[in-house]
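Got chain A sorted already, so can you dock chain B onto it with the hints?
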Amino acid sequence: MAPNPRNAFAFLPSEAARPDREKRIRALDLARRLPALALSARQAAASAQTGPHGRRRAGLGENFWQFRPFIPGEAAQNVDWRRSARDDRLYVREREWEAAQVLWVWADLSGSMNYYSPLATQSKLDRALILTLALADSAVRAGERAGWLGLTRLSSARNVVDSLAVALIAESRRNSEDFDDLPQAAPLRPREKAALIGDFLVDPADFAACLQRLASQGARGHAVMIYDPAEEAFPFSGQTEFYDEAGDLLRAGRAEDYASIYRARLAAHREALSAAARAQGWTFALHSTARPASEALLNLRLALTVDGAR
Amino acid sequence: MSFFSLSFAAPWALLALAGAPLLYYLLRVTPPPPQRVAFPPLRLILDLKKPDATPARTPLWLLILRMTLAALVVLAMAGPVLTPRGAPATKGGPLLLLVDDGWPAASDWTLRLQAAEARLETASRDGRPAAVLAFSDPPAEGVAPEDAEAAVNRLRALKPKAFLPARAPALAAIENFLKSHPEAQVVWVTDGLDEADGAAFAARFAALAPDAEILRDPRPVVAIAGADNNASALDVHLVRSASGGVASGHVRAYDAKGASLGEAAFDFGQNPTGMALTAKAAFDLPVQLRNEIARLEIAGVRSAGSVHLLDAGSRRRRVGLVGGAAREQPLLSPLHYLRDALSPFADLREAKPGVVDPIGALLDEGVDVLILADVNAAAPALRARLDSFLASGGTILRFAGPRLAAASDDDLFPTRLRRGGRTLGGAMSWEKPKPLAPFDEASPFFGLIPPAEATVSRQVLAEPEEGLPARTWARLADGTPLVTADKRGPGTLILFHVSADANWSSLPLSGLFVDMLKRIVDRAGLVAKAGPSGAETLAFLPPLKSLDGFGALGDPPPSAKSLPAKGVSAPDPDHPAGFYGPAAGPRALNAFNSDMKLAPLDFSGLKLRTAEIAGPRPVDVRPPLLIAAFLLALADSLAMIWLGGRWRRQVEPRHTAAKDAGAKQTGTAVAALALLLLAAAWPPPARAETHSKRDIEAALNTSLAYVVTGDPRVDRISREGLASLSKTLGQRTSFTPGEPQGVDPAHDELAFYPLIYWPVAPDRPQPGPEAARRIEAYMKQGGLVLFDTRDAAMQFEGGPSTPAQSWLRTFLKDVDLPPLEPAPGDHVIYRTFYILEDFAGRSENGPTLIEALPPESAKEARPARAGDGVSPIIIASNDLAAGWAADQFGEPLYPLSPDGARQHEMALRGGVNIVMYTLTGNYKADQVHVHELLERIGR
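Protein chains in written order, with our numbering: chain A, 1 to 310; chain B, 1001 to 1939.
Isolated chain A, as found in the complex (with noise of 0.2 Å):
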């Protein structure tokens, strides 16, 4: 399906999908430029993760933090002696809870992100890798760990941006370009987060059992759809032939009949991921490529932050 040379509405070529030296750099000027990504807590109590990153409450970790009295009924071996000593009472030493979050990361690479109107500054695809990156660059920064949901472990390094692009740059060799619309639906663990960026231009009952798996052990986690200005406005008119990246056709007379249609139909779509996404707990936002990517990412910490609390 050869796009129209003279035609500003095309598919890019699946070259322009690699996170390549400029995408993840914008990333992470994209990241560094607001501060570190420190995942909501509420739940963190029972986390099984151990990291650095003080919690400013007692549990495990390395760092003391205070004495309590000994409650009886507890393990004698919890007695701090030393302390107790000093006094007729026995105390417990306490340590400040170091714990990292878990930060699962995952955008749609498909052929439908790839995609850039005249009215776009970004084609969708780069925004939602330097979304992805910079979430993850973001998260790792402030302590937790990040991962590429079904395709790296997760990482505290610092090169966390490098190393995810080194992966997709292999997974992509591996699978020829050819990647999934929805991520891999294993289930995440309890108190895990995910971030989904994609175009989630799919079955909504697709989208709600992908969620749903992942969802299964009580992971929370946030989806953003990105959507290029032109498929919100559907800015056409005249005779026009439609394609997308699966080859479908539909040759409108008069496209601008369609249009209604169209947007109301859109309208419903991401009704209906919206209400999928808010039946397992997570929540749902919309980003346009018109807009800057800060915007998104900002949104994007802010719901990981508060953990859902919309």
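Calculated directly from the structure, the hints in this document are not laboratory data. Accuracy of the hints is not assured; some may be wrong.
[Said to hold, decoys possible] Simulated DEER-style distance windows between Cβ atoms:
no., chain 1, residue 1, chain 2, residue 2, range
1, A, A209, B, P1021, 50 to 60 Å
2, A, S176, B, R1694, 47 to 57 Å
3, B, P1712, A, I169, 37 to 47 Å
C-beta atoms are modelled at their ideal positions from N, C-alpha and C, and glycine is treated no differently.
Relative to chain A, chain B alone:
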């Protein structure tokens, strides 16, 4: 058909219009290609297949456009012809076309042909035969109808003739034609002039063909009737056949070679009524130029009648000069004054010295004016020649003088001169010289102002007699006749009562004398060339050049016959207008002259239909139809592009960036296209020589150069050494070189550098033949290459050649070099600035090779020796650059052996010497002669 006034040549082609519904259907279901748009969320609306929207229809306006286009093409194929309403009802018989093809028809010949062709085409469409008859050449056997196409060809072959054809001879042919084809349609394309027999012919014609049609041009015919070369101007007389039309214009004059000499305006509307049929144009040109005029033309009119040819009759006169006494001193000779006065405007002839009969010789030469200055013309034989000269129209101008006054039996004078005792001397003197009186109106000199300083002190006196005042052209202030003249047959006899020199009067010294002679010569008639027998030499003049009907001069047609010298004054079919006779003195026969009349033919009494040739004619509608179809096709292509979305702006982009990008894209495409067209239309600009900035720099500021060997260490030393040397040169000499430049001899332009330092790096590859060739050229054009083998330590007498030497030998193998020798101690290079022993570098014992000098002659013991030029090559071995190189404080950069600071200084001095040698050549070798020269001067 005439009612609808639209006819078709091929009506069956209109059947194609029946295919229009099919076309309509096809067009309707074949819409233009849609724009293709990528749209990822297509899945959302993929199920929408609106039944009414599936086959997009061709837009109605496009449909109409295409149907119109098809209809236009079909109509054009049918060959429609728009016939004017007033077209004559044609009879069924053949068409007889009579064409006036004299020169009056030439000025609007194309219109006439078009009008005639229109009639023929009508006949051709109707399938009627036609015949064409031109009056200039009525066929003796009569005319017969033929195919209309052939008649058109015959018509197109007609050209207007340079004479006025008689019409009467064609009557018989017309009559015969009408007898055999009573139904014939007769059309007479006439020039509307009554040419001799026009009225009679018209009456007969009207009787023969009462319903004939006459096509004519109502505009009058203009012609040049004649030209008079008057005293002050060349007057051209123009006539026209009727008033109206263009009343004014210009006459242009050309010389025999066709160069334009001038332009004169004429205006028929000059007189108050504005209806004049004659006009005059005056060429106020110097007589020399007027004499050159060979052809007059009315600007903008193309006919033989508007051209007037001038022959010798209007040319400058030949004047024969005969003096009575052959005097040697020019200022005392009367002929001197006459010669000077006449030569600007007359063709002077003088008999050769020693000719027995000078007057007879001049008359045989065919002069028009004979001037006899103080000549006794009493001899009977001479008198007979002079009388016959006068009888043939010659002019004799006599001047008085001592001889004339002494001649008693000479009576060839306009008036009787006083004889007898008192007049025997022929002279009378006054106390005071008399000036001239103003000329009276009858005199040809009228209008000239006699200057007060022109006075007469002696003259011959006229006998007072009857008629003397009428014969007097000029008189003195007291009324004494000074110039008398008498008509003798066609000729004129004129007598100046004074001599032509300054003895008797100061008249020959004045400008008046010139003017008077000019007037006399101008009014002098022409003399028919008299042969030895005295008869006309040529009875028949062969045609030389002929005019065609349009007035263009060309070779005579084969039908042209020789012109009888007498008798033919108007052109006819055998004698078309043009030049006749020998090329040296042709006679002009003009298409129109003042003896002919230019009167319009009166059709009013005849009951014939007249029409104007410029009237409406059938119009072929095919070309405009095809053009319209083409334009519609063009519009259709544009519409296809537009509908295809190429040019469409779907939305107003919100982002300026996107808008800019879109606009830029379109703009770029348009600009690229425009550039492409421009580039195609524009001749490519001459490619300027490209010089690098460095070359320009080097050309503006002389600097030293070194060859980049590719060995970074060697190159660095070269650069440092030359920089140090340049600095030293700037400090110590008047030469301030620029930054040293590294050059690549194979590619860089070397001409800017006087000296190129080439350190030999034997481990580098050879630079190749191109470099050798360029180095050789550089040496030949005066450059100096300083090779440095840098291996003085490795060289020793008689030893094997070092690698650097081998390298250099290989490189210079193909270079044309002078013989070299170790620089002798008295070589000028050691004397150019410092007096040196050798060229030191890093070492100081290595040899320096230079072009071998011519062998020293024992005689001249010179302190320095030099060849004629500068050696193109120096081969040093001491690693000079390393010796020159210094840091910013002047300390040597490299260890020198054997002697540090001093050797650095000596190396620099050697460098200065080499540069000075390069720049000044053997100048110092000459300077050393100064003592010798001073000594010689002192002696």
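- Using the beta carbons of P1712/B and I169/A, state whether their distance is inside 37 to 47 Å or not. 41 Å Cβ-Cβ, so the 37 to 47 Å window holds.
- Lying within 50 to 60 Å: is that true of the beta-carbon distance A209/A to P1021/B? 58 Å, holds
- Message: Quick check: does the Cβ-Cβ distance between S176/A and R1694/B fall within 47 to 57 Å?
- Response: Hint holds: Cβ distance 53 Å, inside 47 to 57 Å.
In the structure shown, no violation is registered for any of the earlier numbered hints.
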